[in-house]
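Enquirer: One letter stands for each residue in the lines below.
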Amino acid sequence: MTDTDRGIPRREFLKSAVAIGGASALAACIDWESANVPKGVDDPSTLPRRQHAWNSTLARDDHGNVVVPRHHLILLLDYGADGPPGQEVRIGFESALQSLERAYEWSNEGLVFAVGYSPAYFDRFDTTLPDGVDIPGPQALAPFEDPDLDTPDAIVHLASDHAQVVLGAEQAFRAETEELNGISVEALPDGLTITDRRTGFVGRGLPADHQDVDGIPENDPVPEDSPLYMGFMSGFEKNQASEDRVTIAEGPFAGGTTMHASHMFLDLEQWYGQDDRYHRVATMFCPHHANEGTVEGAGLNLGTDSGMDECAPADEAARTQGVVGHSQKMTSVREDDSPLILRRDFDSTDGGRPGLHFVSLQATISDFNDTREAMNGEDLADSSAVGQRTNNGILQYIDVTSRGNYLIPPRPLRAFPPARPEVPA
Amino acid sequence: MNRRQRTHVNRRRYLTALGAAGSLGLAGCAGLTGGGGNGKSDGTTTKTSYGNVPPVIKDRPTEPYVPTHVEGMEMAGRQTSGDYACALTYSYPHRFWLVTGTRTRKVVITREDTVHLMPVIWDTSAKLVPPDVSPQMTVEKDGEVVADFAPWPMLSQPMGFHFGDNVSLDGDGTYTVTIEVGSPSGRRIGGLQPNDPLSFEFEWDFRQVSVDAISYRDIPSQREGMPGAIPPMDMPFVAMTQAPEPGAIPGTTATLGVTNGGEFQATIIDDASDYGGSSDETYLAVSPRTKYNRFILPMMSLSATLTHQGESVHDGPLSNALHPELGYHYGATITTAEPGTELDVTVDAPPQIGRHEGYETAFVEMNGLSATF
Chain A
90 MTDTDRGIPR REFLKSAVAI GGASALAACI DWESANVPKG VDDPSTLPRR
140 QHAWNSTLAR DDHGNVVVPR HHLILLLDYG ADGPPGQEVR IGFESALQSL
190 ERAYEWSNEG LVFAVGYSPA YFDRFDTTLP DGVDIPGPQA LAPFEDPDLD
240 TPDAIVHLAS DHAQVVLGAE QAFRAETEEL NGISVEALPD GLTITDRRTG
290 FVGRGLPADH QDVDGIPEND PVPEDSPLYM GFMSGFEKNQ ASEDRVTIAE
340 GPFAGGTTMH ASHMFLDLEQ WYGQDDRYHR VATMFCPHHA NEGTVEGAGL
390 NLGTDSGMDE CAPADEAART QGVVGHSQKM TSVREDDSPL ILRRDFDSTD
440 GGRPGLHFVS LQATISDFND TREAMNGEDL ADSSAVGQRT NNGILQYIDV
490 TSRGNYLIPP RPLRAFPPAR PEVPA
Chain B
557 MNRRQRTHVN RRRYLTALGA AGSLGLAGCA GLTGGGGNGK SDGTTTKTSY
607 GNVPPVIKDR PTEPYVPTHV EGMEMAGRQT SGDYACALTY SYPHRFWLVT
657 GTRTRKVVIT REDTVHLMPV IWDTSAKLVP PDVSPQMTVE KDGEVVADFA
707 PWPMLSQPMG FHFGDNVSLD GDGTYTVTIE VGSPSGRRIG GLQPNDPLSF
757 EFEWDFRQVS VDAISYRDIP SQREGMPGAI PPMDMPFVAM TQAPEPGAIP
807 GTTATLGVTN GGEFQATIID DASDYGGSSD ETYLAVSPRT KYNRFILPMM
857 SLSATLTHQG ESVHDGPLSN ALHPELGYHY GATITTAEPG TELDVTVDAP
907 PQIGRHEGYE TAFVEMNGLS ATF
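Here the protein sequences line up with chains A and B, keeping their order. Residue numbers for the first sequence, in the working numbering: 90 to 514. Residue numbers for the second sequence, in the working numbering: 557 to 929.
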């Protein structure tokens with residue numbers, strides 16, 4: 090920091106610094122955060138076989154709900170040549186990933202990440218994916234959406250409680266730093282290009298800190314205690330699938346999972362500027378919660394589930410109340426009293442407007458599609474006062490702009506796996 | 557990232573633009589520090605009616621009533637796509653009411669609102685406005701997104717059913733307005749087909765003076781607030797949101813009557829083959845419409861029981877559908893209905909569509925109605 094910086098409010102300066110990005114942003118973050126980021130492991134092979142095994146290392150709230158890291162970065166990667174990447178690229182990529190695991194502890198205080206591959210990547214091989222690995226190409230999942238269908242080769246989802254850590258990981262990939270947290274790190278190998286970066290945040294206070302963007306009324310409506318832009322918490326323990334449930338159980342990709350990653354803009358002008366809290370609670374949870382005042386603030390009082398046992402079935406609410414809650418519709422897609430998907434979503438100002446990167450993990454992409462189908466509530470719109478989007482959960486307020494499907498292989502296969510690994514690694 | 561991610565300079569605050577640019581929007585380290593306030597001080601949003609709009613009438617009847625004033629509208633353009641047309645229309649920013657169950661809440665005009673923007677989409681061959689689609693509107697100027705929203709399904713006395721919302725524009729200039737319409741949610745019968753996804757794009761040379769020139773007519777105080785409605789405006793697509801005259805309804809008809817400003821007609825059609833059933837089935841249709849202007853009332857939960865000589869013939873919910881002659885209505889396929897059958901219709905939930913002034917106290921608390929065929 091120089092003297093000339095001192096007149097700028099720290100918060101605004103840091104926002105500017107991060108927005109500028111690159112090495113100077115990283116330096117500013119490290120300087121200002123003064124965070125002691127714990128170092129990683131000496132031997133990355135000791136880390137779990139599941140790339141998505143984050144929960145045991147993440148923080149929990151007072152009720153025991155997992156708290157996902159606060160800062161997120163998604164990088165999309167393309168491999169520049171035809172055919173499958175060669176040994177050199179695989180080794181180079183694995184080496185870069187392992188260097189991050191040595192630099193930062195595998196936790197929210199350090200860095201967690203997962204690497205996945207799209208169906209377009211597996212098209213590079215003559216062989217198909219094994220039976221039971223369900224990764225179709227992305228598609229529009231509602232009559233009223235028209236998303237871009239993402240087809241990068243690979244995706245990397247990075248998350249940490251420290252902005253400097255996700256920024257640092259990216260700088261390392263881009264060969265713009267050779268050392269992070271005192272550990273030497275490696276860049277992506279030649280032939281790999283970062284084609285897109287998607288950024289965001291989740292956690293108490295962060296959405297309120299980021300409400301000075303277009304598309305949010307100017308009276309600062311996002312509650313200070315909310316972890317997400319829409320004013321309510323999600324990720325209740327009982328509304329999340331376990332990591333076990335979303336894990337591919339058999340075959341060469343056992344220990345892996347599938348990822349769906351979409352982006353949607355959120356219409357917070359209508360949500361906060363035109364709707365009232367009654368309506369927000371009714372459409373996010375259920376009309377019962379709105380009538381009874383069940384949800385306090387962001388809903389932290391609800392404990393480990395969203396209290397859907399007290400709400401009427403979705404079709405009954407739609408018929409008799411003219412409105413149905415998002416959570417209320419989700420109760421129909423449970424198996425053994427568990428949802429099918431594990432959400433790791435986060436808010437974003439990508440595109441200059443409030444949005445959400447919806448990242449979810451599930452054993453098969455069909456599990457995600459079934460969940461989204463329930464959210465669409467098309468049968469409700471057909472036979473009740475609920476509209477196709479209006480009063481139909483939160484569909485009115487979300488505009489999906491992109492969708493992508495990925496296979497997250499087990500850690501030993503995370504660097505450009507073949508479509509048919511010969512033996513379980 | 558995608559088609560809508562563009563570098564976007566915030567028109568409110570320079571620092572915001574730095575934080576929001578598409579090139580890098582990662583949450584600042586600021587979020588980690590949990591520091592104090594963020595220094596915002598410009599509380600410019602007003603939550604009261606803005607400009608010269610007269611206050612809402614105090615004692616409003618619980619049915620359609622004559623509003624305080626009537627505003628005209630302008631058309632920014634008209635596009636066609638196959639059998640469908642879209643008119644992009646606008647007027648002054650409006651106050652309106654949204655509905656959740658039987659609760660209504662007033663949406664006031666804010667200082668930022670520039671226009672009330674209304675895309676009207678209709679089937680040019682069937683001459684019907686499908687109310688069960690969900691347009692998504694994107695308004696851009698100089699490559700930057702100014703607004704991106706799903707306009708509300710609404711009802712007004714001059715326009716009938718339409719989609720609309722108040723929008724804040726960025727001054728005079730050329731705007732690109734994109735309207736994407738997906739497939740509908742309700743049934744199509746009588747040879748009608750659901751529309752494929754539609755996309756319309758308008759180049760709109762917007763001038764504030766053209767809004768200021770839109771007609772504004774004050775209603776004399778002795779008329780405002782009286783039961784009634786101002787007549788529908790003389791635009792072809794407005795007539796397309798009207799339910800058929802009682803005499804034009806096919807089948808054996810019956811008048812159920814009026815509740816909370818909604819007038820209900822019903823019919824039984826012996827041969828259901830043109831109505832989503834088979835020739836040995838019968839179709840029951842209920843056609844609610846606004847009193848006075850005969851506008852359709854979409855997004856209701858209706859159920860019906862049919863009783864003949866004390867025996868139940870049908871008991872269940874009705875689902876919405878579009879038919880060339882019946883228009884938007886609620887119906888069910890039934891086995892049979894003899895003369896003398898009694899029909900009881902229950903409104904399980906009133907129309908969940910937004911309302912312009914004069915309709916916000918109507919179609920909210922609706923009673924059951926009965927008729928005999």
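What the hints contain is simulated information worked out from the structure, not anything from laboratory work. Cβ coordinates follow ideal geometry from the N, Cα and C atoms, glycine included. It is possible that some hints are incorrect.
[To be verified] Distance ranges between label pairs, derived from CB positions:
(1) A:145 - B:764: 51 to 61 angstroms
(2) A:425 - B:633: 49 to 59 angstroms
(3) A:501 - B:759: 51 to 61 angstroms
(4) B:777 - A:238: 34 to 44 angstroms
(5) B:777 - A:150: 53 to 63 angstroms
(6) B:801 - A:425: 49 to 59 angstroms
[Claimed, not checked] If you only want the chain A side, here are some residues facing chain B, beta carbon under 8 angstroms, derived:
(7) 133
(8) 134
(9) 135
(10) 176
(11) 233
(12) 235
(13) 365
(14) 366
(15) 442
(16) 472
(17) 477
Enquirer: Is 51 to 61 angstroms respected by the C-beta to C-beta distance linking residue 501 of chain A and residue 759 of chain B?
Expert: holds (55 angstroms)
Enquirer: Mind checking the CB of residue 366 of chain A against every CB in chain B and telling me if the closest is under 8 angstroms?
Expert: violated (10 angstroms)
Enquirer: Min Cβ distance, residue 133 of chain A to chain B: is it shorter than 8 angstroms?
Expert: Cβ of residue 133 of chain A sits 25 angstroms from chain B, so the hint is violated.
Enquirer: Against chain B, run the beta carbon of residue 442 of chain A and see if the smallest gap drops under 8 angstroms.
Expert: holds (7 angstroms)
Enquirer: Taking the beta carbons of residue 777 of chain B and residue 238 of chain A, is their distance inside 34 to 44 angstroms?
Expert: Hint violated: Cβ distance 58 angstroms, outside 34 to 44 angstroms.
Enquirer: When you take the CB atoms of residue 145 of chain A and residue 764 of chain B, is the distance between them in 51 to 61 angstroms?
Expert: Given range 51 to 61 angstroms: holds, Cβ gap about 59 angstroms.
Enquirer: Could you tell me whether the CB distance from residue 801 of chain B to residue 425 of chain A stays inside 49 to 59 angstroms?
Expert: Because 56 angstroms falls inside the window, the suggested range holds.
Enquirer: Given the range 53 to 63 angstroms, decide if the beta-carbon distance of residue 777 of chain B to residue 150 of chain A lies inside it.
Expert: Holds, since residue 777 of chain B and residue 150 of chain A (Cβ atoms, about 58 angstroms apart) stay within the stated range.
Enquirer: Could you check if residue 134 of chain A really has its C-beta closer than 8 angstroms to a C-beta on chain B?
Expert: violated (30 angstroms)
Enquirer: Per the CB criterion, is residue 235 of chain A less than 8 angstroms away from chain B?
Expert: holds (6 angstroms)
Enquirer: Identify whether the interface hint at residue 477 of chain A stands, where standing means a beta carbon of chain B within less than 8 angstroms of its own.
Expert: holds (4 angstroms)
Enquirer: Using the C-beta atoms of residue 425 of chain A and residue 633 of chain B, is the stated range 49 to 59 angstroms upheld?
Expert: holds (54 angstroms)
Against the hints set out earlier in the document, violations occur for numbers 4, 7, 8, 9, 10, 14.
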